[in-house]
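Asker: So you can see what is in the structure, the chains are spelled out below.
Number of protein chains: 2
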Amino acid sequence: MNTDQLIRITRYYRSLNRLKTIGLEKVFANNLADAAGVSAAIVRKDFSQLSIYGQKRGGYQIADLLVSLGQLLGKGDSQNCIIIGCGRIGKALMHYTGFEPDGIRIVAGFDSDPAIFNDTTHPVPIYPISRLDEVVKNLDVSVGIITVPEQAASDSYERLLKAGVMGVMNFTPITLKPVAQEDGSLPVVHNINIALELEQIFYELKFPKQ
Amino acid sequence: MNTDQLIRITRYYRSLNRLKTIGLEKVFANNLADAAGVSAAIVRKDFSQLSIYGQKRGGYQIADLLVSLGQLLGKGDSQNCIIIGCGRIGKALMHYTGFEPDGIRIVAGFDSDPAIFNDTTHPVPIYPISRLDEVVKNLDVSVGIITVPEQAASDSYERLLKAGVMGVMNFTPITLKPVAQEDGSLPVVHNINIALELEQIFYELKFPKQ
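Protein sequence lines correspond, in order, to chains A and B. This note's numbering applies: residue 1 is where the first sequence begins, and numbers increase by one. This note's numbering applies: residue 1001 is where the second sequence begins, and numbers increase by one.
Since the hints were derived computationally from the structure, they do not count as laboratory data. Quick reminder that beta carbons are idealized off the backbone N, C-alpha and C, glycines included. Among the hints, erroneous ones may be present.
Stated by the list, open to error - Cβ-to-Cβ under 10 Å is the rule here; a few derived chain B residues that face chain A:
| hint | residue |
| --- | --- |
| 1 | M1001 |
| 2 | H1095 |
| 3 | Y1096 |
| 4 | G1098 |
| 5 | K1177 |
| 6 | N1193 |
| 7 | Y1203 |
| 8 | L1205 |
| 9 | P1208 |
Extracted from the complex, chain A is given alone in its bound form (with noise of 0.2 Å):
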């Protein structure tokens, strides 16, 4: 599965959950075009090389799709993030429920201010960043989200890699690249970096592709 390819069997799989919870049961291959953001006919292409086949005039059966996807994505085990640094957007990220429809789970929150361990308006448990290691074993933690100041962004990439966590969001403005561990094993970091996203956009503008 190439990229492309990996991102709308990932939209697919997203709107198949939502159909199904207000209670439809088939599904066409229009109706995930349009959520997916591409043709039918892509998502007829993607289906049959993936050996998914739908019934005639029939469309598809949504619990049928939700399994043969589900494997290929390997849902199933645990999707357990956590978060590095919670201030604002560490906060608005541990209130965000669109994670649940694909099984992610934000599980508990790190961070340096003592104050905020005992604010229990959270709806995660947040810990001193000493408990890293206890934690991510107790809670098969497979991804830390680090929404630090950028000072601490590369220190709290080093704690999670130490601690076994070798999935990485990161949105501070760093760049953490991912480095090889001494198993060989590589983690695996997506950078999204929002003030870059924006000055691109202002660049965009002013200098509108050809």
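Assemble the complex: chain A is given as a structure, and chain B must be docked to it using the hints.
Answerer: Here is chain B on its own, set in the frame of chain A:
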């Protein structure tokens, strides 16, 4: 300039602004390489392609580089943004100070909840969406950041376009497509789907690329 080069130039520009802030006057290709996550050879190649030359063994003058790169990036004009949807994510972005080194300013927020208009704890004023056209015109806004619930995403997008805001950063899980306007111009839309990014990290952890 291709996209990769644009991303690098933007990163150089940001790093230079920071270095200037802390009082430096000169910079070497190696400094910028570290900041942008590339090799020094690439920095030198970028600069020579753009006809920017350093001094022998003396590096580059930061002030000169800022002028040259700023022109390339179309700096100097207004880079005013608004935020549509002042929930947790919208508010977090409003308080984020990481845009300022790039000259990007968030100048106003919009929300459908009247309770928020008199809340003065926000760094910028928050208006009802009915005042969008007026505020966009008065404050010379060219980019809108959409942080509304997903069911309001398409409507917010249409309102922005109607108000003449042709740059959009969309944080909802809905994929917004650039649609050519009556005058033939094409909006610049960046969709940032945080849940999808997280999904991909879990997927790549499970099925590492070879």
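Asker: Now tell me, hint by hint, if it's right for this structure.
Answerer: Each hint tested on the structure:
1. M1001: holds, 8 Å
2. H1095: B/H1095 check passes; min Cβ-Cβ to chain A is 5 Å, inside 10 Å.
3. Y1096: holds, 7 Å
4. G1098: holds, 5 Å
5. K1177: Given a least distance of 6 Å, the restraint on B/K1177 holds.
6. N1193: Where the cut-off is 10 Å and the nearest Cβ of chain A is about 9 Å from B/N1193, the hint holds.
7. Y1203: With a minimum Cβ separation of about 6 Å from chain A (threshold 10 Å), the hint on B/Y1203 holds.
8. L1205: Check passed: Cβ of B/L1205 comes within 5 Å of chain A, closer than 10 Å.
9. P1208: Status holds, d = 7 Å.
The structure meets every hint from the earlier list without exception.
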